[in-house]
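*Asks:* Given the sequences, and given the hints that come with them, work out the whole structure.
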Amino acid sequence: MSRVIIRSLNKRFDGVHAVKDVNLEIHDKEFVVLVGPSGCGKTTTLRMVAGLESITSGEIMIGDRIVNELPPMDRDIAMVFQNYALYPHMSVYDNMAFGLKMRGFDRTEIANRVKAAAEILGIEEQLQRKPRQLSGGQRQRVALGRAIVRHPQVFLFDEPLSNLDAKLRIQMRVEIKKIHVRLGTTAIYVTHDQVEAMTLGDRVVVMKDGLVQQVGEPLELYNEPANRFVAGFIGSPAMNFATVEMADTEGALWARHEGIRIKLPTELAGRLRPHVGENVTLGIRPEDLHVASGSDMADLSFDAVVEVIEKLGSQILLDVRVGPNTMVAAVEPTVKAKVHDRLRLALNPERLYFFDRVSQAAI
Amino acid sequence: MAVDSVVAARPYVSAPRRGPVTRVLENERWFAFFLLLPTAVLLGLFIAYPFVKGVLLAVTDAKVGVPGNFVGLQNFAVLMNDSIFRVAVWNTILYTAVTTVFKLALGLWLALLLNRHFRAKALTRAFILLPFIIPTVLSTFAWKWMFDPTFSVINWTLFHLGIIRTRINWLGDPGLALISVMIVNIWRGVPFYAISLLAGLQTISPELAEAAAIDGARPWQRFRYITWPLLLPVTMVVVLFSVIQTFADFQLVYILTGGGPANATQLFATYAYQVGVGTGLLGEGAAISLAMFPVLLVVVVVQLLYIRRVETL
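In the order they appear, the protein sequences are chains A and B. Position 136 (the first sequence) corresponds to 136 in the numbering used here; numbering is contiguous. Position 254 (the second sequence) corresponds to 617 in the numbering used here; numbering is contiguous.
There may be inaccurate statements among the hints.
Cβ pair distances, simulated, as ranges [to be verified]:
id	chain 1	residue 1	chain 2	residue 2	range
1	B	Val662	A	Arg65	51 to 59 Å
2	B	Arg581	A	Lys311	19 to 27 Å
3	A	Asp21	B	Ser568	40 to 48 Å
4	A	Asp21	B	Arg581	27 to 35 Å
5	A	Asp21	B	Leu667	53 to 61 Å
Worth flagging that the hints you see were computed from the coordinates, not collected in a lab. Glycine residues also receive a C-beta, built at the ideal position from the N, C-alpha and C atoms.
*Replies:* In structure tokens form, the structure reads like this:
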């Protein structure tokens, strides 16, 4: 059983409370991604699991052991670092073999394991080279190989792809996923890139300011964000937000603001009725907006003025002004719009989000 | 179109005329020459000229006030049969070898300590540099006082701790004099090693140590397999500089013992000085100094080759 359990984990650096009361249970063979902006405590959490950072309070269990006091080498983990951290004076082979040598494996076993890992990663040709003779992608493969050969209980990844160019990053992302499917080793992966988090993670942990904001499967985070931060962080382009006032007119609930007047569907109205007369934050994903046609109802659409047009190919992003707010709409590539055009945007009433103005929590 | 091109060309035509100096300096070759000139003059004046002059002196029988005649390698032949010269050669090699080992070991130890995080780190670092900053003559006089047979603070301490019963004649005892001089040299040389090696340590990414820790390397293994190999190029350069300096050391011995007692601390440099300046046999003195050169040359070549090999690994 290679599960990882984190209980009430806290980390204080002098004066800074970097990780606040994190609770997390990572199941055997699960791939969990910690994601959040820089300084959110995700890397610190990972380093505490690795044993590279001391724990201020709380408990970390790997497998069935509490590892709080164990040095990194006794935790049966392997880590892939952002800057690869390959030993520059050793060949690729020696880099991958080092951990096994330190643990006293015999030569043939080491050779077999390194060969197997090199095959998985496609770096058999590079085994005798030095790290600096390799490209960034190859170095990252070696770093992965160094982790794989150890057959650890848990893989820890600290932003392993952020030094690669965009194309290579996507390629390596797929490979990491394949390796995980193949080996089935429990993995904790840290990144600030929400796309990476969504594509890799069985479950994603969104963190901010040392606090866990939400834990869930990728689509759960996308469809049911727990608060405004998660809603804005997950999804690209980011969710549009506008402050609206809830009003009860003729028995129906309306979200109103300059330029916006939306009639809420019945089930949403039930949840929002207690907020009548208050201001709340409305969230609409760019992909849930489309240019209104005759079949769209007037009370589920609003006028917008096009300010910028980003033609991405598969879709067009319209940066529009709605009253005092700017919004982004991801529309069909067939839409013919010009800058300064006034058009009517319709929304999908089932995909409206509302957040409390104070607590930021989803309503 | 034609009008346009004339307009565009005008700024060039009406640019201020450049003087002859500017024109010469615009030429890259001349500019490089002028940039290198001060260095070349200084090197020529203070390195090349004295060296050539020394070589020329070494093959004459010049004395103070006597220009001297060409005598070929006679001065060197005399040295071969000079027992004091042989003592000086042996002393110099021993002096350099022993102090280098101690300076490297202590310097590395200090550097590793200073590479950790602790309170008052900057202050400690400044203190460690002190022996290096104080003028050698000044600190050596202090040491001479500490080694003084009558007033030695070292003797006083050892005596009152009950470790010794009679006073030790640090600089007067032929068996102890060289050791005493070595101690001072080590004391003075350690900061250079410590600071240089610390600079080298700081270029090694801490992530490597973390990766090795996760890989299962214990602290000693992390040093042996990661830190030491990566520090080696820097170490070699530091040792190279230090060996050259120590081999030609003069000030310490000159002040502490003057080469005595009975040549027990005689080194290349002090003996060359004693013969060349003290006795006035300029030719022979120059020959002694020059005898260091092949030894140092071998040391330098071997180490530079090694550094190159390590760096191309």
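*Asks:* Taking the hints in turn, state whether each one holds.
*Replies:* We went through each hint and held it up to the structure:
1. B/Val662 with A/Arg65: 51 to 59 Å: With Cβ atoms ~54 Å apart, the hint holds.
2. B/Arg581 with A/Lys311: 19 to 27 Å: violated (58 Å)
3. A/Asp21 with B/Ser568: 40 to 48 Å: violated (32 Å)
4. A/Asp21 with B/Arg581: 27 to 35 Å: holds (34 Å)
5. A/Asp21 with B/Leu667: 53 to 61 Å: holds (58 Å)
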